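**Q** Here is what each chain is made of, one letter per residue.
There are 2 protein chains.
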Amino acid sequence: MTILLAGGAGFIGPNLARRLAAAGHELLVVDNFSRGLRANLPDSVPCIEMDLSHTGCVAALESALKGRGVDEIWHLAANSDIPAGVEDANVDLRDTFMTTFHLLQLSKRIGVCRFMFASSSAVYGDWGSQRIAETLGPLMPISNYGAMKLASEAQISAAAEGFLERASIFRFPNVVGTPATHGVLLDFVRKLKQDMSRLEVLGDGTQQKAYLHVSDLVDAMLFATARQTTVRDVLNIGPVDDGVTVRWIAEQVCARVSPQATIAYGQGNKGWVGDVPRFRYAVDKLHALGWQPTMDSRAAVLRSIDEIATQEQV
Amino acid sequence: MTILLAGGAGFIGPNLARRLAAAGHELLVVDNFSRGLRANLPDSVPCIEMDLSHTGCVAALESALKGRGVDEIWHLAANSDIPAGVEDANVDLRDTFMTTFHLLQLSKRIGVCRFMFASSSAVYGDWGSQRIAETLGPLMPISNYGAMKLASEAQISAAAEGFLERASIFRFPNVVGTPATHGVLLDFVRKLKQDMSRLEVLGDGTQQKAYLHVSDLVDAMLFATARQTTVRDVLNIGPVDDGVTVRWIAEQVCARVSPQATIAYGQGNKGWVGDVPRFRYAVDKLHALGWQPTMDSRAAVLRSIDEIATQEQV
Chain A
4 MTILLAGGAG FIGPNLARRL AAAGHELLVV DNFSRGLRAN LPDSVPCIEM DLSHTGCVAA
64 LESALKGRGV DEIWHLAANS DIPAGVEDAN VDLRDTFMTT FHLLQLSKRI GVCRFMFASS
124 SAVYGDWGSQ RIAETLGPLM PISNYGAMKL ASEAQISAAA EGFLERASIF RFPNVVGTPA
184 THGVLLDFVR KLKQDMSRLE VLGDGTQQKA YLHVSDLVDA MLFATARQTT VRDVLNIGPV
244 DDGVTVRWIA EQVCARVSPQ ATIAYGQGNK GWVGDVPRFR YAVDKLHALG WQPTMDSRAA
304 VLRSIDEIAT QEQV
Chain B
4 MTILLAGGAG FIGPNLARRL AAAGHELLVV DNFSRGLRAN LPDSVPCIEM DLSHTGCVAA
64 LESALKGRGV DEIWHLAANS DIPAGVEDAN VDLRDTFMTT FHLLQLSKRI GVCRFMFASS
124 SAVYGDWGSQ RIAETLGPLM PISNYGAMKL ASEAQISAAA EGFLERASIF RFPNVVGTPA
184 THGVLLDFVR KLKQDMSRLE VLGDGTQQKA YLHVSDLVDA MLFATARQTT VRDVLNIGPV
244 DDGVTVRWIA EQVCARVSPQ ATIAYGQGNK GWVGDVPRFR YAVDKLHALG WQPTMDSRAA
304 VLRSIDEIAT QEQV
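Chains as they are written, first to last, in the working numbering: chain A, 4 to 317; chain B, 4 to 317.
Each hint should be verified, as a subset may be incorrect.
Note: identical chains are not told apart, hence a pair may lie in one copy or across any two.
To be verified - As a list, the in silico SDA-like pairs of lysine to any residue whose alpha-carbon atoms are at most 20 Å apart:
no.	residue 1	residue 2
1	K111	E90
2	K69	M4
3	K288	L139
4	K288	G140
5	K288	T138
Hints are computed from structural coordinates only; laboratory data are not their basis. Since this is a predicted model, take the numbers as computed values, not measurements.
Here chain A stands alone, though its shape is the one from the complex:
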């Protein structure tokens, strides 16, 4: 099978690529290398540098494929900087939604059967302490990031009526691991690398979220797609626990990287506009399929701190 990985050189892409390549699939990665790196992927995986938000990328990609068919698209390309998207709505429109739109146009044009999408818990919005299942509505995202993930889901759903045979929408929790390109762990490690004496935290540190290790995430997606029986599937992916606080994360990062650092907290329980302060994910549907993560939030974060510290050479 030939699989196109859009945004495949970033964080999750290389982890997924290794699993798919090991299963014997032919891969093609498309990435604009805004955060991704060629070096994140094995040399054996062909890579095209292309910005999928640009009009014209559909024709360019079709031409680059030279008539070679694509069976599956895994769409992982997106803006991952939520505050940047709150500041300028064009960022998420372009990097998250228009990439989806163009990949669907390509799918229609060249007859791609299956479309997998990296969606997000951010599509739900802020539900406080209520457990968030896939059956919950209305979906009221509080960031343009979440909005354009939801817009992408919607467009993919419509495409599954028109021309796709299968659409798999995975709503990611916070995912941790390497190669880290963004996120709270990388931020903390990099801040400490700059100033080993002090770690400044956005918000008061009480924000609590679940974290999944990227290896578990990839495993869950492959497990679920192999068992999907419906044309469309929407699936929350996450650990079973209610997560850990930002305060606990800050303490663990300091313990690993710079035990003498003092931690300075900000005000309020939101790190930024668009941040969901507390968040309880229902993953009953995924568990009913028979899948379990190997790590809970604590274990995933601890392992990732170590991996990221190694990546950043601190």
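With chain A's structure known, arrange chain B on it following the hints.
**A** Below, chain B without anything else, positioned relative to chain A:
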């Protein structure tokens, strides 16, 4: 209060404009007149011809306002031709979603407090005979029309976190009345006007949907916005009944316009790709507010057939 009505010269806009003007508000209509007509609005309502899907419309509109503030935006501009949007996804992207995106950019720029949006039952997708309430998920639209309505909702929801004070999202059922610009009633009347002997129906006529008269729709929106207490509100608007079949509608149109016509049905229970064949709307939330429609689906359709026949001079 100064109210901007985007897409205000079409079908619902003029009905809403009359009510808002009667309540003493200053109105400004923006329309690209693709389906709308200047003549649909009273001369006293100022009208700007502008395509809100174009980049640059935000600056142009800001300049046209000459520093005049806008308190509320009612966003009714959209593609209303579902099959056209299935054929070419750019149609709904441009006319439904980009218009929303630009109006939100304008809102941020000039400080609009309140944003009302004409969404659609199409955001839900095809739920068969299950009753569709606002709390239902996941939202899986089956047309690009529904997808771009949902994308618009999502972007508005995010804006309500960032800069809007109030966002009201109204999920319309099938709405009937005049000035009719599209829809099954107008199609049937126009087909008969061309050939009084025969009415061709897309699909087998068993599709069943609820219809609301435009006067009731406008009334429900004004009723609900006056009572909204939350930053975001999502509301199904519709009659209480489960609707009428396309077959019954065809018979009623013929009875009014051309009783001798024979009705020719197509195959299948979908009029087109993206058509939801059956559809049960839950409007408990609206009724709990204390609102009731004056007409059920049958009464709304019968009155509208008469109004549209008059409009089309048959």
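**Q** All hints, please: hold or fail.
**A** A quick look at each hint next to the structure:
| no. | hint | in the structure |
| --- | --- | --- |
| 1 | K111 / E90 | between (33 Å within a copy, 11 Å between copies) |
| 2 | K69 / M4 | within (16 Å within a copy, 59 Å between copies) |
| 3 | K288 / L139 | both (13 Å within a copy, 16 Å between copies) |
| 4 | K288 / G140 | both (16 Å within a copy, 14 Å between copies) |
| 5 | K288 / T138 | both (10 Å within a copy, 18 Å between copies) |
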